[in-house]
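2 protein chains.
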Amino acid sequence: MYVILVYDVGEQRVSKMLKLCRQYLNWIQNSVFEGEITETKLLELVIRAKQIIVKERDSIILFKSREDRWLQKEVIGMEKNKLDTII
Amino acid sequence: MYVILVYDVGEQRVSKMLKLCRQYLNWIQNSVFEGEITETKLLELVIRAKQIIVKERDSIILFKSREDRWLQKEVIGMEKNKLDTII
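Protein chains in written order, with the working numbering: chain A, 1257 to 1343; chain B, 1257 to 1343.
Treat the hints as calculated values from the structure; they're not laboratory data. A virtual CB, placed ideally from N, CA and C, is assigned to each residue, including glycine.
Taking lysine to any residue and the SDA-like style, the derived pairs with C-alpha atoms no more than 25 angstroms apart in a straight line are:
(1) A/K1275 with A/E1300
(2) A/K1329 with B/K1272
(3) A/K1329 with B/T1294
Which stretches of chain A does chain B cover? Using the computed rule of at least three CB atoms under 8 angstroms from a CB of chain B, they are:
(4) 1275-1286
(5) 1296-1307
(6) 1310-1321
Computed Cβ-Cβ distance ranges for the label pairs, DEER-style:
(7) A/E1267 with B/R1278: 22 to 32 angstroms
(8) A/Q1307 with B/E1335: 17 to 27 angstroms
(9) A/T1296 with B/R1313: 31 to 41 angstroms
(10) B/K1275 with A/Q1328: 21 to 31 angstroms
(11) B/E1335 with A/E1267: 17 to 27 angstroms
Build out the structure end to end from the sequences listed, making use of the hints.
Have a look at this one:
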């Protein structure tokens, strides 16, 4: 399954979320991740994410697609994850 | 066409981008928008966005899908756009 994940969490929880999501998906921008993931792994990620977020304040949005070819990606401006691989 | 747009722009350009994107798409989280849009309107949005961003620093990512039913959305935590309609 192909997934886009975006999160909006309190500053104190950003680094934890970043670290968690990086274990499952590819970082593509600020708080945006994408990648191929199995149902099981995604469930694991969601369970772990729920332990980090404060559900009254933070939010995570998942867009799931059975196939990544159904989604066409376009980047305008700087492609941040290129930098990421350099660091 | 169904579109997810995420942007990461310098603080000074955030309010301009927010205002612009709101004219074309639905705000769903921080710097994340989604919605149905025509090719023409999307092109218009991209052209106007390019006038706002500093392309060496900022980035906009577009995920385009021919049909929204190919994408399943799941929100974990707080659904921010619900608040948005109240304000």
